[in-house]
Amino acid sequence: MHRTGELYGHFETLEQQKDSATLGMWIFLVTEVLFFGGLFLTYSINRHLYFTAFGVGGNMLDLRLGATNTVVLIASSFTMAMSVWSAQTSRKKLLPIFLILTLVLGFVFLGIKYVEYKQKFDHHLVPGRSFDLTYRINHAGPGDDPKELAAERAEIADALRTEAPGNPHEALVALNAHAQLYFSLYFGMTGLHALHMIVGAGLLVWVIRESFKGRFSASYNTPIEIVGLYWHFVDIVWIYLFALLYLINRHAV
Amino acid sequence: MSEHVVSPKIYVVILLALLLGTYLTVSAALRDFGPWNIVIALAIATTKAVLVVLYFMHARYSPKRTQLVIVCAVFWLVLLLGLTLSDYAMRPPVRSQLIISPAYAHFARV
Amino acid sequence: MSETFALPNHKTPHEDYLNATYGIRSWLLTTDHKRIALLYLASVTFFFFVGGIFATMIRIHLLTPSGALVTPETYNKLFTMHGVAMIFFFLIPSIPAVLGNFLIPLMIGAKDLAFPKINLLSWYIYLIGGCFVLYSFGTGGLDTGWTFYTPLSSIYSNSAVTPAVIGIFINGFSSILTGLNFIVTIHTMRAPGMTWFRLPLFVWAHYATSLVMILGTPVVAITLLLAGLERMFHLGFFNPALGGDPILFQHLFWFYSHPAVYIMVLPSMGVVSEIIPTLARKPIFGYSFIAGSSIAIAVIGFLVWAHHMFVTGESTYAALTFSFLSYLVAIPSAVKVFNWTATLYKGSISWDTPMIYALGFIGLFLIGGLTGLFLACLGLDIHIHDTYFVVAHFHYIMVGGAVMGYLGGLHFWWPKITGKLYPESLSRLAAVILFIGFNLTFFPQFILGYLGMPRRYHSYPPEFQVLNVMSTAGASILALGYLLPMVYFVWSMRYGPAAGANPWPATGLEWKTPSPPPTENFEVTPEVTWEPYDYSKRPDLGLVAGAPLAPAHGDD
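Residue numbers (our numbering), protein chains in the order written: chain A, 1 to 253; chain B, 1001 to 1110; chain C, 2001 to 2556.
Hints in this document: simulated from the structure, not taken from any laboratory.
Remember, predicted model here, so these are calculated numbers, not experimental data.
Just to be clear, a hint being listed does not mean it is correct.
Claimed, not checked - Simulated pairs of lysine-lysine, DSSO-like, Cα-Cα distance not exceeding 30 Å:
#, chain 1, residue 1, chain 2, residue 2
1, C, 2117, A, 18
2, A, 213, C, 2117
3, B, 1064, A, 147
4, B, 1009, A, 92
5, B, 1064, A, 93
6, B, 1009, A, 18
7, A, 213, B, 1009
8, C, 2117, B, 1064
9, A, 118, A, 147
10, C, 2282, C, 2537
Unchecked claim - Computed, partial: chain A to chain B, Cβ under 8 Å:
#, residue
11, 37
12, 45
13, 65
14, 67
15, 90
16, 240
Said to hold, decoys possible - Covered, in the sense of this in silico footprint (three residues per stretch, anywhere, with C-beta under 8 Å from a C-beta of chain A), are these stretches of chain C:
#, stretch
17, 2109–2122
18, 2214–2224
19, 2237–2247
Even glycine gets a Cβ: it sits at the ideal position worked out from N, Cα and C.
Whole structure, please, built from the sequences with the hints as guidance.
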């Protein structure tokens, strides 16, 4: 591992080095935009074609947990920005604090995600052999709120009528197939996002370690800045995921 | 390239704006605005994204080259989404008949 | 002793990037862009052989109407694996990863690329992707076509699709990182005085190529990932039986794969733009137009992808739009051809091997490009889509264009890369053999396609046999044209005469360092005060207005 702050041999000046690193990160983020973009395209088309199923699926996500996660990530972007500020103003004691806060918030996000995923698994909403949109309403447990269940039951009944009017058997098949598309995208998009968060957490651990050694200051803080860029990008992706996955048809229930 | 130090005050303002946006988008989603629900949700999300890019990611204070990179990313994304969706938009609407092959019947909970 | 830039005259052989350090670790863990370029040279040549073997088997099989060599299922695997190996593991990396890596820092006066370690990482990622694909080839092969159309690839194929898509997915990141490295390097690492409009056109071409790599590759990555996930977990994105849409796959796939063909051809055009002015002893005509047209091709190239889907189910209005845009993309390419021709006009043309390849490129690219316009015409495409007309069209561009450019570039910069000269008469002969073999292989295919022979079919009606036999005969000549350079290049590394710093002579910065260059490229960072391709005002190279031109790299 090189000693941060020193000029690499092939660069002529520190400014050229910083310039390159920053531009490099921005261009990498461009590739990430297009990478997620393919998923957003797939989502758009399928939501357009199967709005009913997407509405039902979206309402099976926990809005409170989703909104909390959104707040958590926004806060983490704030603490990340404050980390950059700390480094830029040579506040060497404050820097690791803000970085650690960012990391902690990141872990909170991942923890909540885990809870959500577990919920989906328990409710048979993971695409595959055991996928069953009606599992929860047919296997109500003591932890389930009766009002919520009733609302879900009504919603599904409504959806069945829209999917295949007059043909309940085909409707259930269709609704399950289309809802699987929704949940495939849900897991695919949030899963890919979570993977990026984990990478971000790894990067944060690296810069936290370096910041404890006092390596970053006004004269050299490039790693903090570029980790920050990456982290903010991951936040932006979540902002769109929340809007698109959690808020499809909330007013119906 | 001079480094622009953004004041924490600005960061706090942006933080509050983002939190407000989150509150607004959830409230709007709980009301029925018909086809405008998605428009409102995306508009708020985009506003939040723009704030993050401009202030947290320092785009407002970055060289023109960085701003061009950001514009290109958005432009190409719009290209991907726009041109492809236009194909779907220009097809005649089809009442999809879901044909489930027996081999896949169990996946669709038949 | 060769005149070098600010280097004292040594009597002892100078240290260069090849002999600076020894041992396998110094090569496998190198961060020197020049060594990495040679690592890529070895691996892309390997995959060229892999793809070439499949091509040989295809052509032998097609000697008889009912198929001479393999079963129909195996035939499907042959053309698929030929395409995958050639496109993803040979054509896309070839010029950028070999010549681009080697030359870009030299051409802009830098010591290395912006991110040397990422450069090495790119190569390893390429190898890992290659291993997955070779594993796929070895454990049942691949029969979906290199285009992996769903639902064949995601559901019904019984071949080793999953490791292949994983391999191509991984390989995509090699491409992305290379493009990222090039863009940052060209922006931030130029020597003092090397302004944008003094850059060699080779650099402009690679900048444009890198734009395509950055913007397109991530889309095919996610697409193949989705198709792989669909196959592994029986998801339904592209499966009509579960509500999915195969056309969505095609949109996502071609969004990258059409611009990918510009990744394959733009660097070749950059090579031609270097060879022509040098070996016609004339400044390039319309420098800014050629530079601009490279960017234009990269941009417009993203607007035409659905011309691959005219008959697969896109809406008529989309087809009209994409047909129109496809005609548009021909314009910047034509601009280049006109400018090259204008450069040749009243130039002092020397028939060195690189010039033969460059001229071959212009002619063959012209045919390939014009036949692309045939295909862009909706009415005509209905008849010739999925026929050998398409196969001929893209081989004219990919082989007649891109590969000729690659070979021309290898011949042009071989003296710089190795410090050795190759036998000139033999190399000219090989170039001509290649040209003849190529045309004999692929021109009959235009006719076959027009007459209706479908592509990707293991058999054909007997009336097509003569043309198929002609094509196979041409392929054997083409193969000879490829083998000869491999032989004499290897020969030259040991027995070739020393090249000197600037055998042509050419005007780029790369020719101002010794051949082979030292690891640091330049003893002192150069400062650029001249315009590119200025043959009349380069006293440092012995080129001034009115002075006799130095002899071309003569016969050996």
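Status of each hint after checking the structure:
For the hint pairing residue 2117/C with residue 18/A, the CA-to-CA distance comes to about 16 Å; that is within 30 Å, so the pair holds. The straight-line distance between the Cα atoms of residue 213/A and residue 2117/C is roughly 24 Å, inside the 30 Å bound, and the hint therefore holds. For the suggested pair residue 1064/B and residue 147/A, the alpha carbons sit about 54 Å apart, so the restraint of at most 30 Å is broken. Restraint check: the Cα-Cα separation between residue 1009/B and residue 92/A comes to about 20 Å, which is no more than 30 Å; the hinted pair holds.
For the hint linking residue 1064/B to residue 93/A, the alpha-carbon distance of about 33 Å lies beyond 30 Å, and the restraint is violated. The suggested pairing of residue 1009/B with residue 18/A holds, with an alpha-carbon distance near 26 Å, which does not exceed 30 Å. For the proposed pair residue 213/A and residue 1009/B, the alpha carbon gap of about 28 Å is at most 30 Å, so the pair holds. Under the criterion of a C-alpha separation no larger than 30 Å, the hint pairing residue 2117/C with residue 1064/B is consistent with the structure, at around 28 Å.
The suggested pairing of residue 118/A with residue 147/A holds, with an alpha-carbon distance near 22 Å, which does not exceed 30 Å. For the proposed pair residue 2282/C and residue 2537/C, the alpha carbon gap of about 12 Å is at most 30 Å, so the pair holds. For residue 37/A, the suggested interface contact is upheld, since its CB lies about 5 Å from the closest CB of chain B, less than 8 Å. A cut of 8 Å between beta carbons decides the hint on residue 45/A: the least distance to chain B is about 6 Å, and the hint holds.
The interface hint given for residue 65/A is broken, as the beta carbon of that residue sits about 12 Å from the closest beta carbon of chain B, more than 8 Å. Among the interface hints, the one on residue 67/A holds; its C-beta lies about 6 Å from the nearest C-beta in chain B, closer than the 8 Å criterion. Taken as an interface hint, residue 90/A does not check out: its beta carbon lies about 11 Å from the nearest beta carbon of chain B, beyond 8 Å. Interface hint at residue 240/A: satisfied, since its Cβ lies 5 Å from the closest Cβ of chain B, which is below the 8 Å cut-off.
For the stretch 2109–2122 of chain C, the proposed coverage by chain A is satisfied: 7 residues have a C-beta within less than 8 Å of a C-beta in that chain, meeting the threshold of three. Check result for the stretch 2214–2224 of chain C against chain A: holds, 9 residues qualifying (beta carbon to beta carbon below 8 Å, three or more required). Check on the stretch 2237–2247 of chain C: 5 of its residues sit with their Cβ under 8 Å from a Cβ of chain A, so the three-residue criterion for coverage holds.
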